[in-house]
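Could you slot chain B onto chain A? The hints should help.
These protein sequences, in sequence, are chains A and B.
Under UniProt numbering, the letters of the first sequence match residues 1 to 574, in that order.
Under UniProt numbering, the letters of the second sequence match residues 1 to 574, in that order.
Every clue listed holds true.
Below, a sample of chain A positions facing chain B; criterion: calculated Cβ distance under 7 Å:
#, residue
1, Leu267
2, Asp271
3, Ala276
4, Gly333
5, Gln334
6, Gly336
7, Thr447
8, Trp448
9, Ser515
10, Thr517
11, Ile522
12, Ala537
13, Ala544
14, His548
Calculated pairs, DSSO-like style, for lysine-lysine (alpha carbon to alpha carbon, straight line, at most 30 Å):
#, chain 1, residue 1, chain 2, residue 2
15, B, Lys376, B, Lys395
16, A, Lys399, B, Lys399
17, B, Lys395, A, Lys395
These are computed hints drawn from the structure, not numbers from a lab.
Here the structure is a predicted model, which is why all the values come from computation and not from measurement.
Backbone N, C-alpha and C fix where the C-beta goes; we use that ideal spot for every residue, glycine too.
2 protein chains.
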Amino acid sequence: MGDQKGPQPNWIEAAPPKGSFRSIFKWGDPHAYKHPNARLYRLLKEAFSLADDHFKVPIDDGCRPVAFDRPAKAVSPEQVTAIRQIVGDENVSAKSYDRLKYATGKTLEESLRLRQGEVQAVSDLVVHPRHKEDVRQLVAYCDRERIPVVVYGGGSSVNFGLRPAKGGITLVMGTHMNRVVQLNETNQTATVQAGIMGPDYEAALNEAPRRFQARHRYTCGHFPQSFEYSTVGGWVVTLGSGQMSSYYGDAGDLVISQEVVTPSGDLKTLDFPATANGPSVNRMLIGSEGCFGVLVEVTLKIFRYLPKNRRYFSFIFPSWEKAVDAGREISQGQFGMPAVFRISDEEETHIGLKLYGIDGTPLDRFMRLRGYPPYKRCLMIATAEGEKRFARNVKRCAKAICRRFNGLYLSGYPTRKWEPGRFKDPYLREDLNDYGILIDTLDTAVTWDRIHQLHQGVRAVIKLRPATICMTHASHFYPQGTNLYFIFIARARDIDDYTAFQDEILDAFQRFGGSPTHHHGIGKLFSPWMDAHLGEAQMAVLRALKRHFDPNNIMNPGGQLGLDLEGRHWREIR
Amino acid sequence: MGDQKGPQPNWIEAAPPKGSFRSIFKWGDPHAYKHPNARLYRLLKEAFSLADDHFKVPIDDGCRPVAFDRPAKAVSPEQVTAIRQIVGDENVSAKSYDRLKYATGKTLEESLRLRQGEVQAVSDLVVHPRHKEDVRQLVAYCDRERIPVVVYGGGSSVNFGLRPAKGGITLVMGTHMNRVVQLNETNQTATVQAGIMGPDYEAALNEAPRRFQARHRYTCGHFPQSFEYSTVGGWVVTLGSGQMSSYYGDAGDLVISQEVVTPSGDLKTLDFPATANGPSVNRMLIGSEGCFGVLVEVTLKIFRYLPKNRRYFSFIFPSWEKAVDAGREISQGQFGMPAVFRISDEEETHIGLKLYGIDGTPLDRFMRLRGYPPYKRCLMIATAEGEKRFARNVKRCAKAICRRFNGLYLSGYPTRKWEPGRFKDPYLREDLNDYGILIDTLDTAVTWDRIHQLHQGVRAVIKLRPATICMTHASHFYPQGTNLYFIFIARARDIDDYTAFQDEILDAFQRFGGSPTHHHGIGKLFSPWMDAHLGEAQMAVLRALKRHFDPNNIMNPGGQLGLDLEGRHWREIR
Numbered sequence: 001m002g003d004q005k006g007p008q009p010n011w012i013e014a015a016p017p018k019g020s021f022r023s024i025f026k027w028g029d030p031h032a033y034k035h036p037n038a039r040l041y042r043l044l045k046e047a048f049s050l051a052d053d054h055f056k057v058p059i060d061d062g063c064r065p066v067a068f069d070r071p072a073k074a075v076s077p078e079q080v081t082a083i084r085q086i087v088g089d090e091n092v093s094a095k096s097y098d099r100l101k102y103a104t105g106k107t108l109e110e111s112l113r114l115r116q117g118e119v120q121a122v123s124d125l126v127v128h129p130r131h132k133e134d135v136r137q138l139v140a141y142c143d144r145e146r147i148p149v150v151v152y153g154g155g156s157s158v159n160f161g162l163r164p165a166k167g168g169i170t171l172v173m174g175t176h177m178n179r180v181v182q183l184n185e186t187n188q189t190a191t192v193q194a195g196i197m198g199p200d201y202e203a204a205l206n207e208a209p210r211r212f213q214a215r216h217r218y219t220c221g222h223f224p225q226s227f228e229y230s231t232v233g234g235w236v237v238t239l240g241s242g243q244m245s246s247y248y249g250d251a252g253d254l255v256i257s258q259e260v261v262t263p264s265g266d267l268k269t270l271d272f273p274a275t276a277n278g279p280s281v282n283r284m285l286i287g288s289e290g291c292f293g294v295l296v297e298v299t300l301k302i303f304r305y306l307p308k309n310r311r312y313f314s315f316i317f318p319s320w321e322k323a324v325d326a327g328r329e330i331s332q333g334q335f336g337m338p339a340v341f342r343i344s345d346e347e348e349t350h351i352g353l354k355l356y357g358i359d360g361t362p363l364d365r366f367m368r369l370r371g372y373p374p375y376k377r378c379l380m381i382a383t384a385e386g387e388k389r390f391a392r393n394v395k396r397c398a399k400a401i402c403r404r405f406n407g408l409y410l411s412g413y414p415t416r417k418w419e420p421g422r423f424k425d426p427y428l429r430e431d432l433n434d435y436g437i438l439i440d441t442l443d444t445a446v447t448w449d450r451i452h453q454l455h456q457g458v459r460a461v462i463k464l465r466p467a468t469i470c471m472t473h474a475s476h477f478y479p480q481g482t483n484l485y486f487i488f489i490a491r492a493r494d495i496d497d498y499t500a501f502q503d504e505i506l507d508a509f510q511r512f513g514g515s516p517t518h519h520h521g522i523g524k525l526f527s528p529w530m531d532a533h534l535g536e537a538q539m540a541v542l543r544a545l546k547r548h549f550d551p552n553n554i555m556n557p558g559g560q561l562g563l564d565l566e567g568r569h570w571r572e573i574r
Numbered sequence: 001m002g003d004q005k006g007p008q009p010n011w012i013e014a015a016p017p018k019g020s021f022r023s024i025f026k027w028g029d030p031h032a033y034k035h036p037n038a039r040l041y042r043l044l045k046e047a048f049s050l051a052d053d054h055f056k057v058p059i060d061d062g063c064r065p066v067a068f069d070r071p072a073k074a075v076s077p078e079q080v081t082a083i084r085q086i087v088g089d090e091n092v093s094a095k096s097y098d099r100l101k102y103a104t105g106k107t108l109e110e111s112l113r114l115r116q117g118e119v120q121a122v123s124d125l126v127v128h129p130r131h132k133e134d135v136r137q138l139v140a141y142c143d144r145e146r147i148p149v150v151v152y153g154g155g156s157s158v159n160f161g162l163r164p165a166k167g168g169i170t171l172v173m174g175t176h177m178n179r180v181v182q183l184n185e186t187n188q189t190a191t192v193q194a195g196i197m198g199p200d201y202e203a204a205l206n207e208a209p210r211r212f213q214a215r216h217r218y219t220c221g222h223f224p225q226s227f228e229y230s231t232v233g234g235w236v237v238t239l240g241s242g243q244m245s246s247y248y249g250d251a252g253d254l255v256i257s258q259e260v261v262t263p264s265g266d267l268k269t270l271d272f273p274a275t276a277n278g279p280s281v282n283r284m285l286i287g288s289e290g291c292f293g294v295l296v297e298v299t300l301k302i303f304r305y306l307p308k309n310r311r312y313f314s315f316i317f318p319s320w321e322k323a324v325d326a327g328r329e330i331s332q333g334q335f336g337m338p339a340v341f342r343i344s345d346e347e348e349t350h351i352g353l354k355l356y357g358i359d360g361t362p363l364d365r366f367m368r369l370r371g372y373p374p375y376k377r378c379l380m381i382a383t384a385e386g387e388k389r390f391a392r393n394v395k396r397c398a399k400a401i402c403r404r405f406n407g408l409y410l411s412g413y414p415t416r417k418w419e420p421g422r423f424k425d426p427y428l429r430e431d432l433n434d435y436g437i438l439i440d441t442l443d444t445a446v447t448w449d450r451i452h453q454l455h456q457g458v459r460a461v462i463k464l465r466p467a468t469i470c471m472t473h474a475s476h477f478y479p480q481g482t483n484l485y486f487i488f489i490a491r492a493r494d495i496d497d498y499t500a501f502q503d504e505i506l507d508a509f510q511r512f513g514g515s516p517t518h519h520h521g522i523g524k525l526f527s528p529w530m531d532a533h534l535g536e537a538q539m540a541v542l543r544a545l546k547r548h549f550d551p552n553n554i555m556n557p558g559g560q561l562g563l564d565l566e567g568r569h570w571r572e573i574r
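Chain A extracted, bound-state conformation (with noise of 0.2 Å):
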C-alpha cells in the first residue's frame, strides 16, 4: 500500500462466490486484484469529498447469486434437441447463469446493471463448438430456422458486441477450439484456431524451438490490454491494437489469411503477403464483428522474439503541445518506430505518476526544479524492440527528437515502472465500483492536424461534469496521426445517467472530429454514431456485403456495426 497512515479501505479480495454476479463481471482472475494505492486512494477521497467512512462497507457488490427467469426466444424445444445433435449434449447449456455469462461482456454499464442484479438480453443455449464442422453445420442450420448467432471470444467486449438482442445461440470459441494449428517458419506466420488466448498463443511462439521444433523463438506482438482475457481471433474481428502497435502493427495488419464460415458459405483466403489480385476479400473480412460469420482459423504474422534487444526510455515534456510535437516527430522520422509509446496528458501525467509510484520520488524533485511542474508537465513512455542496432537507433533518434521538444530524459524507469500494471489496470474498477466510484474508457482515432481541437473539445465536455477526472493519453502512433484515449472517473446519480454521460462524450468525438472508437470496436454500444461517421454511402457498402454473407441476418443481429439498426436505438431492439 506505500502510505500506511490513516485507515485502509475496505476493499474486496476475496474471489466472488461461485455462481454470482460478480463472478461475471469481475474482470480476470478472481482470486487477483489491483487495489488503488495510497496515492490514488488519496486523490479520490480529494476529487470526490468521500471520507474514510465511505470505504469501509461495499454497495452493491454484485455477490448474490444469478437468477433471472427468462424463456427462449428464439429457439425452441425440437431446435435444441438439432443442436445438441450437431455438438453432443456436453457442449450445450440452457442454464441461467451461462446464458448470462456468455452474453455480457466488460461494459461499465453491464457491471453496473449485473450489480443490481439487473440482467439485459441474454442467449437462448450456450454452444461449444468443437471444430470447424461444428461450425459449420450450426451455421447452416441457423441460417436454415432463422436462429440468431452471437460468437463469444475471450469475453472482454466493451461496446456490448457480444448481446444477444434477439437470443439465438451463443458460440463460445474458447472452450475446444483453441490450439495452434501449424508454426510455419520459413514464411514466419502461425494458423491458430480462433478461440486461442492471449498467453497461450504468446506461450506457444516463445517456446517454438520446444513445441515446433523451430530455429528461432517467437512473438505475437499483439499485446492489448485485454492481452491476458481475450482470443486471437477477437482481436481480428473486432481491429484491436495492442500496446506496442506502433511497431508491430495493430492486429488487422498481422492477418495474412482466414477462413470465415458464413451464412451464405465458407471462405478460406489465400496465404499471399500481398498480390493485385483485386480488392482484397481478407480486408473485407477483418473488422467484421461477428456480422458476417464465424471466424474458425487465421493465419498471422509472427516475429522474432529478442527480448534481451528492448530499450526503455521515457521523457517529460513542459507541455501537453510539445509531447505532441515529439510525438508526431518520432512517427514521421523513417528510423522505424518505438514498440510501447505513449504520452500523456497533463492530468494524465499527475495521476500516472502517483499510480507508478515515481510521485514524491528523487525523480519528481527533479522534475520540478528542473521546471516541470504538475499539471504542466507531461509524461512520454517508450520502449524500442526488433534487431538490437535497429532497437538502439529508433531509442537514439526518438532521444534527439524529444530534446529539440524540451523534453528531459527519465531513463527507462518510468515505463518499467507502467510496465509490469499493463495488463492490471482493469482489476481497478471493482474496487472503485464498490464504493460507487465510476471509472470508464474511451478511445477515438485522430489525425495530426485535429489532435489539439479533438482533446481540447472532448476534455471540455467530460470537465464540464462536476468533481470529473479525466486523462487522456495518445498510445497507438501512425506517421498520419494517433488515437486518444479518455479515461474518466466520475460519479453519477444512475446508470442513466452515467449513460447519457458517455453519449456526451462520443458525440464529442464526431464534433471535434474523431472516430467513434480507434481499437474498442462498434459492437452495439457505438452504433448510433456510424452513419453520421461513415456516411451514408460507406454504410451502404458495408450493408451490401452483410447481405451477401448473411441474407437472413442471423450473424450478431441487433445493431452490431449499426448495419440493421433501420432507424431505431440498438436499446430498443428485441
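Positioned in the frame of chain A, the structure of chain B alone reads:
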C-alpha cells in the same frame, strides 16, 4: 554501343510518324529509345541463331497511319451531343486515332497486333473530364443510358485493362485532373487528382518547400518501372508496386483516403490512419480496376525525401537457393527493409551483368576467381533509405546476413549500374519486336515456402519452348514471401502461338502455387485464372460489391477482374 566490332543493327531511332500505329504502341517518349547493347545483341543473335543481316530491315514497324472503320457500338449521336454538353466540345473526340490510342495499353499482344494494323476493341468516344463534377455527371448519365465507361490513366496497363470490350466512352484522367490538391505536412499526406503523372507528383513533393511553403522535401515512395508514364490513380486502382516497395510499401499501403464516383453514388473515405469502425471500405476500393467507379481524388502517405542518406550495396551468391535464403532472412530480420531489393536467378544474373556492363570487367574476373562462375552465380542489388543511421544499419545487417549465406560483397557498383536504366528497359521492346523477337514479362506472388517449386516449375514450362531466354527475379520482399518476375525472350510463329505460350505460363503459376500476378493487376488478360485462384466464395464477394456499386455493369465491363465473364472467355465478349 560499347563493342564497335562487326556490323551494327539498324535500330530505329526516329520518332514514330504522327498518327501512326507505332506512335500508339511505342513506349514512352517518342524520341527516346534504349537499344540493346553490344553484348545483349550478340546474345540474341546466338540464342536465336540469327545473322547480322537479320537486323537490317525492320519487319512490321507499324509506321503506317491509323485507319479503321468501326461504327460506334454503344453511343448514339444524341448521346454524343449530351456528353459534349457536359464536358464541352473541346473535351470530346470521336477521331479514330483517339479511339484507338486510349483503348490501348502496353501488352505485347496489343503491340504485335497494331504493328500489323489489326485493330481490336476501341471506345466509341474519348472524353477528357475537367473536374469531379464532370465525372459525376458523366457517370450518372452513362448509368442512366447504359453506356460503358472505361478509365484511362497513363496507359501503361499490361493486362488489357483499358480494352473497351463493349465500346462506350473512355475517360482520360490526365488531361485536366492532374494537380496536387493539397500537401498536408502535419499529417504527412498529399491529396492529388487521380490523373497526375508520377514524375509531376514526385517533383511537387521534392520541391515542397518552394511549392507549398513546406518545412521539408518529400517523396512519394512509389516508383514502378512505368513511373514516367503512369498516373497516381492508376497505381491505386491496379494495386501497383514500386521498385522500392519493400521499404515504402505497395501502392495500396500508401492510400489514406479516396474519393470515388460510382454509378450508385459518390464515396469519400475518411483520413484516419487507423480506426476500428468495421471493415475498411477504403481498402475495398483499392485494386478495383475501374469496375466499381472512377477514382477522382486520393490522399496518400508521403515520406521525407532524404536522398543523401541512401546506401547502395550488392552481393553475388553461389546459387539461387543461397540468394533466396539471404533475401528471406533479411526480410525477417526486424531491422527495417531495404528499399530497392532484387535478387536475380542464374540466367537473369548472366544477362543482367551484360546489360549493366559488368560482364568482362575486373569485377567479373574477381567473381570468377572467387568461385562465382556464370550460370551459377546470382546477383542481389539493393539500396537502403530513411534516416541516416537506420539506412546504414539496414545495409550493415543485410551484409552480415549475405555473408552467412556465402554472398560475396560487390560494393554498390552493380546497383548503381542498374539504377539509371530502371525506367528505361521498356524501350528495349520496340527494338526487339522490330526484328521479330518477342520480349514480355509475367509476375506472380509467392510465399517463401513455395518459391522454389514455383520458380522451377514455371521455368521448366518456359524453357520447354526451344531457344527461349528466361530471366527471373524477386524484387518485392515481405517477411512472408516475395514475388517472382519472369522476363522471357522468344520467337513465335504468330500471335496465337504467343498467347498460347502466355497461357501455359499462367497455368504454371496456378499449378505451382503462385498468384496470377503480383503487381500487374488482373485486367482482362488474367481474368480466366481468377475463379480458380480466389475460389468461388471470394469471387462471389467481389461480384456482390460490383452489383452494389455498379448494378448496370457500365464500369469497365467485358471481363475486367473476371467479374462478368459468365462462363465466356474475355476475348469472346463484345
